[in-house]
Structures are given as structure tokens and as C-alpha cells.
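As they're listed, the protein sequences go chains F and P. Going by UniProt numbering, the first residue of the first sequence is number 1, and it counts up by one from there. Going by UniProt numbering, the first residue of the second sequence is number 1, and it counts up by one from there.
Keep in mind the hints are simulated off the structure, nothing from the lab. Even glycine gets a Cβ: it sits at the ideal position worked out from N, Cα and C. Some hints could be false.
Derived CB-CB ranges, DEER-like [stated by the list, open to error]:
1) Gly356/F / Val269/P: 31 to 41 Å
2) Glu82/P / Lys91/F: 54 to 64 Å
3) Pro25/F / Asn85/P: 28 to 38 Å
4) Asp142/P / Thr152/F: 46 to 56 Å
5) Asp153/F / Lys223/P: 28 to 38 Å
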Amino acid sequence: MQHQLQHQTTAAVSTPPSTTGEAPPKQVALAMERLSHAARLIADIRLGADRLLEALFVAAEPHKRSKPLDLFIKEDSSMRQHLQGLRSIGKQLEESGVLNESLRSRSNSWGLHMPLVCPDGAVVAYAWKRQLAGQAGASAVDRTRLALKAFTDQKRRFFPHLDDGLTKPASKKHCGAQALVEHNQDKPKNYKSLSDVLTCLEKEVPNLKIFTYERLDWLKRASSLPASADDNSLQGPKHTFPGSSILRPTSQTVVAFDKVAVIELFSPSIFRAVVSLHPAGSIDPDAVAFFSPDEGGSYVHARGSSVYHVFRHITGHAALALQYFIGFRSEAALYSLLHWICNYQTLFSKACSECGRLLAMDRQSALLLPPVSRPFRNFSTSKTSSTGEQNNMNAHPAYHIGCFADEA
Amino acid sequence: MTGSTKRHRIALNLQIPVLFLHFVSLLRFGSVIGVSSVRRQFASFCPSPDKTMPLKWVLHWQPNAGSTVNSQILNEVSQCVESINGVKEGRWKATLTYYRPVIRDQSSASEFPRDFIGMSLPEQPNKYYFIIRVQRLVLEADSSIQMIMEKLQSYKSRVALNFEGFQYQLGDFQLRVGKVVPTHSENLRGIVMEVEYLPISSMDKSRQVMEEFVDIWKDAVSKRSLPGYFMHLEPNFSEYGLGDHYTPQHTAVQYAYVMAQLIASAQAVQAGRN
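For reference, chain F alone in the conformation it holds in the complex (with noise of 0.2 Å):
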């Protein structure tokens, strides 16, 4: 049977598209080839979008040249051009039945097997494996689930500022002028470098271990974790940066401050918190996760994900405080962002400020979590710094995930 769809396939190469009086067989791969071409000029338009957003990148640099112009023309074309293929791609499809319920209602007289497309746009030929099997088996109610499931776990993956776009769209404006103010009243100091970055956090938060690493270094010394929590000499050369005023031991190695692409905030028994850095040396963040202190592996990196629920909770709301740091206060990303992940060190503390409590059941997981959340809208650097312990406790509360979404 594979035989002779492949021959047809060839077959259907040389003689034009003519949909009426075919061979059930010559008509499916007739559709698998216009699906696999549909494929293809989707991955054109990605491409293409990409290169126009590039363009639009670079045109916003002002010392640039015209050039982006001529980007922009040339791509506008050829997205055109794509966009009139997939049209008439898609029109044939229509036409020969793909697109629509006629083809599928005629399949089961064929006894052929439809070309499958599973949720993450896939396209298989036959649903031999079991698993496919079942796929195809499965309901239209089934499969819709299963697609809508993968698309918001991508979704919230990759878009995770999206989701309180959904959830809350009459706040977007006023979050918007809400930054603007912010700006102009908290007006943190120019911390320009990263050394100054990093000594002024070591300075204002003791409890916490900060350590450099270049990117490479740093997968060595997360395959070499957990080092025990009373071990005081390190097997490995311990990294601190060259500012740190901690008393090093002597078999150390200083990272030059141009290299620094990960920076490990280290609390002890509490927590382990991984941000990389993109350039090397520079000041702007692009990933962050948490980790348990007994956590060790290779998996032990800012874009990994810990094994257990509560820091892959809190992993999850940095990513979201990554993006609003980002967008928001980009030139103090990293200086709000590193402050803001020292408010963690309260997380098996400090009880929630909207429940009262430290534990609670989640909805959604059905699991008993710690407040995992810290609120970084209108999160202030300054009041860090403050001395009172009470000023500390009421500036920086603590939420669980459902009393979050309730306060917000």
C-alpha cells in the first residue's frame, strides 16, 4: 500500500492537479502533497514575519541607514506572494474535499486511512502506531481537547504575559500610566554596570549567596550539585565576583565582568535561583528559574525546571516579573529583577497577606503550596532597603496563586 502511494505520489508530481474521476489512493496523496506545500509557505511567512520584525528593529535604531526600506519592500512582496500560494493551496484543498467533512464522510467506504494531523500540525499518512491509532480513533471532542491543550501549554509558555492580557483588559491602560508615575517617584540610582548592580545587592540583602559564572562554567558546577548545605569548602573553584567583599578562600577563580552569563542567587536551605544573562556582561536579563538548594543536574539552568511543584510555581511567576521588568523598567530589568527575587527568602515564612496563611490548597494543581507568588507590578526597589522590620513586612507581601488573581 506504501508502495504504491509513493508511487502515485511521484506520479501526481508530473500530471496537473485534476481532482475529479481520481483514484481514492491518488486523490489522499494529492492532499498530503498540497498539505505538506501548505506547510512550507506557513514556514515562508514565519520566516518572512520574522525578517519584517527585524526590519522594524533595525529602523528603530536611529543611526541607521535607509536600508530597512528596501528589507521592508522586499519582504512585503514576497509575504505577499506566499499568502497568494497558500490561498490557492488552500482553495484546491477546499475544492478536492480536504478542507471540509465531504472527504471524511467518504473515507470509511474507501477503507483508506486519512492522512492525520495531530495537534502540533504534524501531518501523518497513516495511523499504524497504537498510539496515532487512538488519536484517530478518538472523538472530535477528544482531539479538539487535546489540540486546545497543547496550544495553551505552548501559549503559556512562550506568550506568558498574555495570559493577564485575558484576564484583566481594562487594567492594561491604567498599568500603563501606573509605570510612567512609578518612574518618575522611584527613581533608583543609575546602576549602569553589572558590578555596581551586584554590589549593591550584596550590600543590601547579607542573608543571600551571590555567585558569577560564564555560561559554560556554569553548567559544570550544576552538574556537580548540590553541594551539602554545611560543606564550607566547595570542591569546585568557587565564583564570586571580583567587587564581593566575602572573604574568599584561596583556590578561586574570579570571573572577569564581561564574561558574567549567569548569576546564581543562592539562599540557603531556602532556595536557588538561576539568571542568565544575554550578552554576556551586559545588564539585561533573559531567563530565570528556581530551583531547590539540593537541587543538582544538568537540568540546573535558567531556562530548566526544577522537579518540584512549588519552585516550578515560582518559576512560572518570574518568568511573567521577567517580562514586566523587561518591558517595563528595562534599564533597571536586572536591578529590579534580582531585588525582587530576594523577596523569596521569606517563602516558607511568611504567611499569605490575603488568606493568612502559609499553606493552602491550590485549585488548579490540587496541591498544598506555600504563598508562591510576589507582586511585581508596582514592585519598589527602595523600600528594600529599609530597615524597620515592620516596613519590610507590609511593602512586600506574599500571596498564594489563587489569592493573587483574586487581589489583582
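Starting from the known structure of chain F, arrange chain P on it as the hints suggest.
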């Protein structure tokens, strides 16, 4: 009593030949030990943290005055775990043995410690733990020590108990509900429960979380109107030379205390009857 005299006394009282002291390299008296690296099995594909151990509280069932524990209570407790979304994972089993000395000379009988306990824990299959509560001693030995003791004929097993039951996963918490039965018998002597919080291993930092969890748990149990309640006693770990970082020795000490409680309440019931 200082540490050195304690050790000295133990060496004499056990009347173990000098040869045995060579095996002392396996034994470390009453000190904090770098935790042995035993893999902790997770259901998922993620790699497991070595060398550190999440902390655990051991609770025991305290029946109300005049009532005893029975298997109906055990069933209710298991259902209670499932009602707070605990997912049953598998079985677990720990053993505890009371040792009595083989006394050749009757006059020195009173010098021997009465509660010399040996324990095996499921997370550490290659280790065996000894606890002497009155003298605040706990030590970790290789599991082959049991064979050695048998060969030496110095201590014999007086009473051996099993703690066995099911293990439940509740997010980052791992719960174990177990019945206390003597080996080779189905006579239910008590119910124990282990509450483990996996992400952290510091007793201090986790205290609030554990207290709240135990409160939530006690609430859930009290809704079922059972004749009793779960109790948690925290031994003074520093007296045993144990630190803030959780180790299997902490677990062994907690079990020793649980056993003391169970025996005390059983004796109280007995006295009540007489």
C-alpha cells in the same frame, strides 16, 4: 555526661572483644554524619538529588483514654489522605528491634541500657541505625552489623516490630501511613505516619510549613470523629548531636520516641484495666 565517658561506658558494657572495635570505623558515635548517597526514587524521569535528604516528621496515633487502635481507624486514616488529594504510590516498610544483652554475669545486669534499639529504614537499605534513648546516642552502621551481632552473640533480639503501609504523594509532600505490628503477627499495636516535605532539608526553615500541614491534616482527621488523634513530638535533636540539616538519624530518633510513647500509652491502658 560528656561524650567521652559515654563512649567509654558503652564499650565496657557491651563487653565486645577488641576485635570488634576495628569495625568502629563503620560506626560513628552520636555525631552528625555526611548523609549517605542513596538514590531517592521519583516516579518521573527527573534526576534525583544526592547527598541531601528532605525533612520528615513522624507522627503517631494517640488513642483517646480508654480506647485502643484498630484496623478500622487505619482504613479511615488512609481514606483521609486520599481525600486531601494524596495519590497512592506504593508500599513501604521499616523495622525496629529492641535488643537485650546476653548476660553472662548476672551482677552487671543493671548496668546495661534497657532500650537499645536497632532500626532499618527503607530509604537506606544498606544502613542500620542504633539508638539508645536514655543516653542520647544514635549511630549509623552498615547493615552487615546485624550479621556481626549475631556471630558475636552479644545482643539478642527481644522484640521486633514492623512499620508497614502505603506511601502517598501530595505534590511536594510525601506521606506514609503505616501500622505497627510485631513481626510474624497481625496484632495491630499502633499507627504511625511520616510527613516528608521534599524541596528542603532544613528543619528550622521548614518548621512553619510542617506545622501548618500537620494542622491541616489533624483537621481533616478530626472531621471523621475517630477515637483519637495524631500527635507529633519533636525530640531535642541537638542532644543527640544532630544538626539542622535532616539525616536518617533524625528519623531513627523520632521513631525511638514514637515507640516510647506507644509503650507508655499501652501501659496506661493496661493500668486502667487493672
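Consistency of the hints with the structure:
1. Gly356/F / Val269/P: 31 to 41 Å: holds, 40 Å
2. Glu82/P / Lys91/F: 54 to 64 Å: holds, 56 Å
3. Pro25/F / Asn85/P: 28 to 38 Å: violated, 51 Å
4. Asp142/P / Thr152/F: 46 to 56 Å: holds, 52 Å
5. Asp153/F / Lys223/P: 28 to 38 Å: holds, 36 Å
Going down the numbered hints, you'll see the structure goes against just number 3.
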